[in-house]
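> Sequence:
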Amino acid sequence: MALNPVLTKEEEHQQQQQQHLQHQEFQQLQLQQEQQTKWQQHATKRRRCHQHWIKNLQILGMAVIALSLTGPGPAPCHAQQQKFRTTPHDLQVLEGAEAMMRCEVTNVAGAVQWTKDGFALGFSAVIPGFPRYSVLGDRKQGVYNLRISNASINDDAEYQCQVGPARLNSAIRANAKLTVISAPASIEIKGYAHNSKVEVRENQDLQLKCIVANAKPAAQIVWYRGNVEYKPEKRDDLVEEAIPKRWTTTSSLKLKPGPDDDYTEYTCQAKHKALSPDMPMRATVQLSVLYPPGPPYIEGYSQGDTLRRGQSVELMCRSRGGNPPAQLIWYKNGSQIRMAYRTAGRLSENIYAFTAEAGDNKARFRCEASNVMSQTPLKAEVDLSVLFAPTHVTVMGPTEARVGDIVPLTCTTAPSNPPAEIKWMVGGRQVRNTTFSKTISPEGGWTSTSNITAIVEPHKRSLVVICHGLNMQLTENVVSTHTINVLCPPASPGINGLRDEAYVFMNPHPSRISSCLVEISRIMRTHGAVNPFPLREGINSVIRAADKSVSAEITILANVTDNQAQYRCEASNSATEIPLFQSTTLSVHFAPETVKIRIEPEELRPGMQAAIICDSSSSNPPAKLSWWKDGIPIEDGTSIKTVSENIIVNPGEEAMLSCSVEGKPLTEEHVKWERVGYDMTVKTSTTFANGTSYLHLKDAQREDVGNFRCVADNRVANPTNRDVLLVVKFAPEITKSPTMMRAASGTGERGRLPCRAQASPKPQFIWRQDKKDLPINRTYKYEVEERKIDSLTYESTLIVDKVAPADYGAYECIARNELGETIETVRLEITSQPDPPLSLNILNVTHDAVTVAWTPGFDGRV
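Numbering (UniProt numbering), first residue to last: 1 to 862.
Misleading hints may appear alongside valid ones.
Unchecked claim - Only pairs whose alpha carbons sit at most 25 Å apart, straight line, appear in this in silico DSS-like list of lysine-lysine:
no.: 1; residue 1: Lys234; residue 2: Lys190
no.: 2; residue 1: Lys231; residue 2: Lys273
no.: 3; residue 1: Lys802; residue 2: Lys771
no.: 4; residue 1: Lys197; residue 2: Lys254
no.: 5; residue 1: Lys273; residue 2: Lys256
no.: 6; residue 1: Lys190; residue 2: Lys177
no.: 7; residue 1: Lys736; residue 2: Lys772
no.: 8; residue 1: Lys177; residue 2: Lys116
no.: 9; residue 1: Lys256; residue 2: Lys231
no.: 10; residue 1: Lys231; residue 2: Lys271
no.: 11; residue 1: Lys736; residue 2: Lys683
no.: 12; residue 1: Lys83; residue 2: Lys116
no.: 13; residue 1: Lys438; residue 2: Lys362
no.: 14; residue 1: Lys209; residue 2: Lys177
no.: 15; residue 1: Lys698; residue 2: Lys736
no.: 16; residue 1: Lys245; residue 2: Lys271
no.: 17; residue 1: Lys672; residue 2: Lys698
Unchecked claim - The calculated label-pair distances, taken between Cβ atoms and stated as ranges, are:
no.: 18; residue 1: Met339; residue 2: Ile789; range: 44 to 52 Å
no.: 19; residue 1: Thr475; residue 2: Gln430; range: 14 to 22 Å
no.: 20; residue 1: Ser549; residue 2: Asp405; range: 36 to 44 Å
no.: 21; residue 1: Lys190; residue 2: Ile153; range: 21 to 29 Å
Derived from the structure by calculation, the hints contain no laboratory data. Note that the Cβ used here is the ideal one computed from N, Cα and C, for glycine as well.
Put together the whole structure using the sequences plus the hints.
Put into structure tokens, the structure is as follows:
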């Protein structure tokens, strides 16, 4: 069927002409009827004769009118009533789609139009005021379809196709309802983003509220737990018309999650006829249920197993379950040894790898598992059994003896498990008549002890004793050798190198004194007949032993105290009752150390004579004194009396520093100001009055803070100088070195977090954690120590008592004064290995040495 959606202007004009012709023909028909009536009145006699003709004439007139109203087309051979061939029916379309309301009429006679909720849309194919509406069809075929493009909620209405009356046809009409459906605008689980995690404690009430907004008709909500539809016994659903013709559906679930709900996803899905099954509208959250971990268990060692010292051991502690995953900590005999652990999902693992030592025997290793939900930590324990031989044996007894002496000897082993056996060898022969005992060692295992006696035989210079410690189960053996020297008295010593009363000059060249004797116990120094005392620090005796003699040699760098000092060499051994000795006395030449001048009388008046006395300290030989002025006479230098102190100015102000000087002569050019690395010509100027030099500095700024040096020099004596500190007020500046930005402490210890800042005036320190001020000095938990390092530097130390796992993390240090504030983060961490050094530089390289410098990293507080 051909459809003509739009009529041209020419067709509209032709339609208007046809309607006008129909009206004229209808008037002509009325005129003919009036004429026929008059004719009938005047020709009553002929009425019956002409009835047949009049009836035919009326039928002919009506046919002409009908023909003009129906327009061009084949004339039916007999009249038929107009009726609907296709009746409009109710229709649902998606918002934004095209709606086609169908209406087809057979034997159409009257005019056709559509109405919307009773409002007539008109007879035109293009409907004024409704740009998205148009009538598509073909009058010849009786097709009058109403098309609505880009359907909206406003098009939701009841439509009627109307066919007007014409000729012998009565009006007909048919209704149809257009329903525009709109997909939901959004879906959400209130308070949570899509795919977000919802953290909830075990058995804590939780409500999930799903909102599907602005749908037409109202959407249905389906809940899923995982991938399975969730149908709780009770859920609260509500449908509200949020805006006209749009409805919002709300569904609420009340849950009490348990450990099985951890990692479980809850999804709410909107069910709506406007939604494609291939693209469901969903909102999902995943539960993170906090619950205690499972009990820990230990792998890598079973109770009753034995280990050997030096064997590598890996104790693995694992705990399953728990959210967050369990924190696993190893303890050895009650002391924490390792808290580094790793997690994979809900499995936690802490591996403690070590080499078995003697101290691990009977050691109790405990693993504790806990998290934020734990009331008390869960524990697992093992006691190790380690086999080990003694690391050494020790022989105790005299090292010297005379011929015929009976020498007691004791051999003691280091701890061993099982206990070690002891065997003796004296002079190359095994000794069997020994005593033996064993005791439990606090370090683990047993300590073995054996005692014997040995007789010193003649004609031997020494007696060698050997002790063996054997662990028979491990077949390991350790040995210790003890030598007993056989004593004989020495000969008299003799001193070589310097004769008695020798002269020694104080210079960089040391003097050497040597002696040769059988044995030397020590070298002593005396003053005349005074009791001897040991050599002064820095002088060491070098002893050399020959076959039948021993020599002791000292090298001294003479000083004042060595003048008339007596050096004595003593020779002794255990065979002598009184030491043998030889001595020598030194005479050291030295210059005076000090020269002092005094004036008599101390108070002088003009015209008085004064005595200027020069005193020199002791010297050998006596010092010669001389006076100098202007090359020979005395010269008068300069001295600085006072300088200005505590000069503090605001930024932008002018600063003035003063320096008062005494001296003759003294003029402005004899006093100058200087500062290393500072251009004095840019912002400074000087003035001089009454022996005082003034330094003026304009527009003082932060970079001007520091010491300015006043130097007084009238070229008569050595220059003198004093530093004057200038302080320009500035906002705090916190030090950012690695050692100041981090702190470390073990659990249960006191943590100290430093914060150092430069400022003027003095800053106020504030400590925060998680954006909240800490209750400093109001509880035992937090204390602050503050100290002043120098004129510009201040330090605040936050002390955290009994550090707990929750105390680790970032703290904020705020330094504030009237010019502003600075905030830096200081982290409290668990003790760890030191960080590598920073900025490593090589300063000097020689053929046998390298000098390096570096900036220390964070020391880890180990």
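> Against the earlier hints, flag every one the structure doesn't satisfy and list their numbers going up.
Violated: hints 5, 6, 11, 14, 15, 18 and 20.
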